[in-house]
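K.L.:
The lines below spell out each chain.
Protein chains: 4
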Amino acid sequence: MKSNQANNESRLSETTRLEAFSDGVFSIAITLLVLELIQFLHPQNGESLLKFFLHHWEPFLAFIIGFITILICWINHHHVFDYIDKVDGKFMWVNGFLLLMITLTPFPTAILAEFLKTEGKIALAIFGFNYFMIGIAAYSICAYAYNKYLIKEDSRDFFYCIKLTYWYGIIYTLLVFLICFISIPVAIFLYMFLFIVFAFPKEFATMLLRRKQKKTKEKVSE
Amino acid sequence: MKSNQANNESRLSETTRLEAFSDGVFSIAITLLVLELIQFLHPQNGESLLKFFLHHWEPFLAFIIGFITILICWINHHHVFDYIDKVDGKFMWVNGFLLLMITLTPFPTAILAEFLKTEGKIALAIFGFNYFMIGIAAYSICAYAYNKYLIKEDSRDFFYCIKLTYWYGIIYTLLVFLICFISIPVAIFLYMFLFIVFAFPKEFATMLLRRKQKKTKEKVSE
Amino acid sequence: MKSNQANNESRLSETTRLEAFSDGVFSIAITLLVLELIQFLHPQNGESLLKFFLHHWEPFLAFIIGFITILICWINHHHVFDYIDKVDGKFMWVNGFLLLMITLTPFPTAILAEFLKTEGKIALAIFGFNYFMIGIAAYSICAYAYNKYLIKEDSRDFFYCIKLTYWYGIIYTLLVFLICFISIPVAIFLYMFLFIVFAFPKEFATMLLRRKQKKTKEKVSE
Amino acid sequence: MKSNQANNESRLSETTRLEAFSDGVFSIAITLLVLELIQFLHPQNGESLLKFFLHHWEPFLAFIIGFITILICWINHHHVFDYIDKVDGKFMWVNGFLLLMITLTPFPTAILAEFLKTEGKIALAIFGFNYFMIGIAAYSICAYAYNKYLIKEDSRDFFYCIKLTYWYGIIYTLLVFLICFISIPVAIFLYMFLFIVFAFPKEFATMLLRRKQKKTKEKVSE
Numbered sequence: 001m002k003s004n005q006a007n008n009e010s011r012l013s014e015t016t017r018l019e020a021f022s023d024g025v026f027s028i029a030i031t032l033l034v035l036e037l038i039q040f041l042h043p044q045n046g047e048s049l050l051k052f053f054l055h056h057w058e059p060f061l062a063f064i065i066g067f068i069t070i071l072i073c074w075i076n077h078h079h080v081f082d083y084i085d086k087v088d089g090k091f092m093w094v095n096g097f098l099l100l101m102i103t104l105t106p107f108p109t110a111i112l113a114e115f116l117k118t119e120g121k122i123a124l125a126i127f128g129f130n131y132f133m134i135g136i137a138a139y140s141i142c143a144y145a146y147n148k149y150l151i152k153e154d155s156r157d158f159f160y161c162i163k164l165t166y167w168y169g170i171i172y173t174l175l176v177f178l179i180c181f182i183s184i185p186v187a188i189f190l191y192m193f194l195f196i197v198f199a200f201p202k203e204f205a206t207m208l209l210r211r212k213q214k215k216t217k218e219k220v221s222e
Numbered sequence: 223m224k225s226n227q228a229n230n231e232s233r234l235s236e237t238t239r240l241e242a243f244s245d246g247v248f249s250i251a252i253t254l255l256v257l258e259l260i261q262f263l264h265p266q267n268g269e270s271l272l273k274f275f276l277h278h279w280e281p282f283l284a285f286i287i288g289f290i291t292i293l294i295c296w297i298n299h300h301h302v303f304d305y306i307d308k309v310d311g312k313f314m315w316v317n318g319f320l321l322l323m324i325t326l327t328p329f330p331t332a333i334l335a336e337f338l339k340t341e342g343k344i345a346l347a348i349f350g351f352n353y354f355m356i357g358i359a360a361y362s363i364c365a366y367a368y369n370k371y372l373i374k375e376d377s378r379d380f381f382y383c384i385k386l387t388y389w390y391g392i393i394y395t396l397l398v399f400l401i402c403f404i405s406i407p408v409a410i411f412l413y414m415f416l417f418i419v420f421a422f423p424k425e426f427a428t429m430l431l432r433r434k435q436k437k438t439k440e441k442v443s444e
Numbered sequence: 445m446k447s448n449q450a451n452n453e454s455r456l457s458e459t460t461r462l463e464a465f466s467d468g469v470f471s472i473a474i475t476l477l478v479l480e481l482i483q484f485l486h487p488q489n490g491e492s493l494l495k496f497f498l499h500h501w502e503p504f505l506a507f508i509i510g511f512i513t514i515l516i517c518w519i520n521h522h523h524v525f526d527y528i529d530k531v532d533g534k535f536m537w538v539n540g541f542l543l544l545m546i547t548l549t550p551f552p553t554a555i556l557a558e559f560l561k562t563e564g565k566i567a568l569a570i571f572g573f574n575y576f577m578i579g580i581a582a583y584s585i586c587a588y589a590y591n592k593y594l595i596k597e598d599s600r601d602f603f604y605c606i607k608l609t610y611w612y613g614i615i616y617t618l619l620v621f622l623i624c625f626i627s628i629p630v631a632i633f634l635y636m637f638l639f640i641v642f643a644f645p646k647e648f649a650t651m652l653l654r655r656k657q658k659k660t661k662e663k664v665s666e
Numbered sequence: 667m668k669s670n671q672a673n674n675e676s677r678l679s680e681t682t683r684l685e686a687f688s689d690g691v692f693s694i695a696i697t698l699l700v701l702e703l704i705q706f707l708h709p710q711n712g713e714s715l716l717k718f719f720l721h722h723w724e725p726f727l728a729f730i731i732g733f734i735t736i737l738i739c740w741i742n743h744h745h746v747f748d749y750i751d752k753v754d755g756k757f758m759w760v761n762g763f764l765l766l767m768i769t770l771t772p773f774p775t776a777i778l779a780e781f782l783k784t785e786g787k788i789a790l791a792i793f794g795f796n797y798f799m800i801g802i803a804a805y806s807i808c809a810y811a812y813n814k815y816l817i818k819e820d821s822r823d824f825f826y827c828i829k830l831t832y833w834y835g836i837i838y839t840l841l842v843f844l845i846c847f848i849s850i851p852v853a854i855f856l857y858m859f860l861f862i863v864f865a866f867p868k869e870f871a872t873m874l875l876r877r878k879q880k881k882t883k884e885k886v887s888e
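Chains as they are written, first to last, in the numbering used here: chain G, 1 to 222; chain L, 223 to 444; chain P, 445 to 666; chain D, 667 to 888.
Everything labelled a hint here was simulated from the structure, so no lab data went into it. Computed from a predicted model, the values in this text were never measured in an experiment. Take these hints with a grain of salt, some might be off.
Unchecked claim - Chain P stretches covered by chain L per the calculated footprint, using a threshold of three residues with CB under 8 Å from any CB of chain L:
no., stretch
1, 542-548
2, 551-557
3, 560-567
4, 572-582
Ideal placement from N, C-alpha and C gives every residue a C-beta, glycine not left out.
With these hints in hand, go ahead and build the complete structure from the sequences.
P.N.:
Right, here's the structure in full:
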């Protein structure tokens with residue numbers, strides 16, 4: 001299979017290995033989150049188990065938020081790569097920037113777990129800044145793949161809409177980052193909305209595509 | 223291979239990547255268990271090695287229980303995905319719920335290791351609750367795949383029986399969870415029985431299928 | 445590719461996923477070894493870097509021994525699976541026993557790093573016992589695959605010799621385990637010999653096969 | 667697919683599994699770097715978050731340097747294996763030497779994070795020595811594959827140039843290692859240049875190939 005592959009198919013194989021490496025990073029980052037939970041368990045030898053859970057609910061909240069964050073990133077990465085046909089040298093670095101933000105994610109999650117009670121606004125803002133950077137990374141991947149024609153020819157229109165979703169994502173996360181300094185509950189509510197929308201990237205992009213096609217039709221019929 | 227794939231085959235590739243990501247999570251969670259063992263090693267600098275092993279057998283027991291738990295989950299996940307043909311956006315989240323429980327597993331294992339001696343009933347109940355949640359997640363995966371026709375057409379009958387095994391699993395783990403608060407030895411015995419049954423998911427589902435077919439025949443012959 | 449596969453090919457796909465899961469466990473266990481090294485770095489804030497390296501060479505020795513151990517196991521696992529054609533439910537558990545020993549390996553490595561100076565004989569014996577158990581696991585995998593005809597038909601003779609190498613391995617590691625209690629240098633020398641032989645499993649098994657064929661010929665010519 | 671493979675194709679499958687195992691090691695090593703960051707977070711419970719970031723910028727710098735280092739190694743490993751056709755027993759060990767250096771990388775990164783302020787020259791030299799060893803490992807992989815004809819026949823000329831880049835890499839990293847003891851800023855500047863060149867291994871090797879072809883033409887025309 002590999003031996004008689006032409007120059008073009010060899011590049012496909014590169015895409016597969018880039019996906020495999022990225023999958024590895026995603027799955028490790030998501031699993032490392034539990035270490036922060038276990039770390040919390042150790043110092044309280046005197047405390048009883050039930051009291052421990054009552055006093056330390058923040059690490060659990062942070063664990064679940066961190067888990068959902070990385071899972072959403074993986075689902076979106078997976079969705080974007082479904083349309084990517086080939087890769088080049090620079091694309092490795094654009095993807096590498098996203099992976100950098102993913103491997104970092106357990107760190108703001110740990111900050112959230114330890115400082116939510118005492119310095120909630122700053123802790124949430126740091127976590128929110130991470131979202132903003134992930135948004136930039138996701139948009140960069142799409143923009144690069146779109147401009148350099150790394151995607152399947154027949155899905156350019158749809159991929160443009162995928163790219164657009166991450167553009168909206170950048171603006172949205174920047175706004176919510178600023179709101180973190182004003183009100184924690186409002187920021188959390190807005191992040192939950194972000195989660196729901198990007199949990200289903202295909203549906204979101206399809207919605208944008210339909211709206212675009214509708215507008216085009218209206219223009220034509222005018 | 224990927225370039226000339228039709229819409230339908232593209233989905234198959236998605237299944238493969240979902241499996242790869244899940245495999246990554248399983249293999250990391252199962253390997254992280256050893257960190258808890260090593261953690262135990264550090265504080266006792268004064269103690270001799272043999273005494274250390276005599277006084278601290280709980281982490282080893284917890285390690286082996288945690289290992290078998292995640293291995294059984296992987297074997298069952300593997301078995302279920304053998305019949306799954308395609309995936310959709312929501313299915314990622316149903317599978318994500320199972321992965322959440324898997325990545326969490328090292329945490330109740332660490333609780334078991336540290337609190338088995340002092341607060342055995344509650345420690346075991348927390349570990350047992352984890353089983354109950356895994357049971358719900360496994361059933362959800364099967365039920366979703368069955369209802370949305372994500373499975374191979376010719377294995378619907380068998381897959382129904384697989385789904386049934388996890389339904390029994392939910393009820394069973396709920397009962398044993400309650401027994402944890404009454405008697406530790408009985409609960410451990412019942413969990414061992416659970417291990418043996420779900421260690422061989424194919425054999426268990428086949429047994430259910432045969433019983434079902436036998437009943438159908440009896441009805442026809444009546 | 446997956447959709448039109450017959451019953452027989454579906455099993456092959458199972459082998460691939462078992463390999464992927466095992467590869468994940470091997471690669472994580474081998475990378476976790478570095479955490480023990482970093483752990484050693486933390487407490488000595490007052491000490492200068494060069495002095496630190498002079499006083500703490502044992503963790504480095506243990507790291508390299510642990511690394512080579514897991515790498516040899518992976519190379520042998522890889523080699524054995526080259527001849528395995530299909531898997532069944534029980535085989536997952538035989539392989540799972542090997543993975544249990546692999547995930548455990550960072551633990552005896554940590555013991556070696558911390559107790560080599562103070563309780564060398566016992567620390568080495570614990571590490572050596574790990575080898576003995578890995579030997580049993582490797583032999584079990586081969587024996588099960590051989591007896592249940594899970595291997596390629598045309599390589600039964602060669603696979604028998606592979607099985608034989610692990611049988612020798614069990615006896616050898618048992619003997620060296622006992623020697624650990626008598627003399628550390630002799631035991632280390634014998635383990636190094638073990639490393640060299642199992643570093644090249646194909647060459648070792650080929651040697652045994654040739655000797656066997658030679659004997660058969662001699663018998664025929666008699 | 668696997669069942670009817672000839673002896674030659676079986677070896678290709680070995681290459682794939684070696685790549686998968688290596689990818690696992692790379693992706694885990696790169697993700698473990700964050701643990702060092704989180705470790706830094708724990709002791710400062712009294713300090714406020716913003717002050718913490720102001721006082722502890724070295725772990726972040728070390729994290730990013732470590733991340734880029736391993737990413738560059740992966741990109742180069744990936745690039746080299748694009749031309750490798752088959753593997754043999756000894757090649758596993760040559761590749762294993764590279765993996766040893768990769769799994770070690772989080773350790774010098776941790777040293778950099780903790781000792782950059784107090785013992786900058788020695789900390790940087792240790793990190794630089796790691797580069798030198800990685801250079802030797804990368805060159806060994808290429809030299810072995812080239813000499814044993816493990817590469818695709820039609821890319822021998824290009825692969826020779828790839829091999830040459832790592833030869834230059836060994837000499838360069840040795841020189842910068844020595845400069846570490848003289849001037850930290852100069853060494854950092856030279857390492858940044860190294861990063862930029864090896865970030866795009868294909869372009870670097872292509873440049874060398876063109877220069878070589880130009881020279882050959884000049885000789886012919888003489």
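K.L.:
Each of the hints needs a verdict: does it hold here or not?
P.N.:
The hints, checked one at a time:
1. 542-548: holds (count 4)
2. 551-557: holds (count 3)
3. 560-567: That given contact holds, which follows from 3 residues of the stretch 560-567 of chain P lying within Cβ reach (below 8 Å) of chain L.
4. 572-582: n = 0 at 8 Å, threshold three: violated.
When held up to the earlier numbered hints, the structure conflicts with hint 4 and nothing else.
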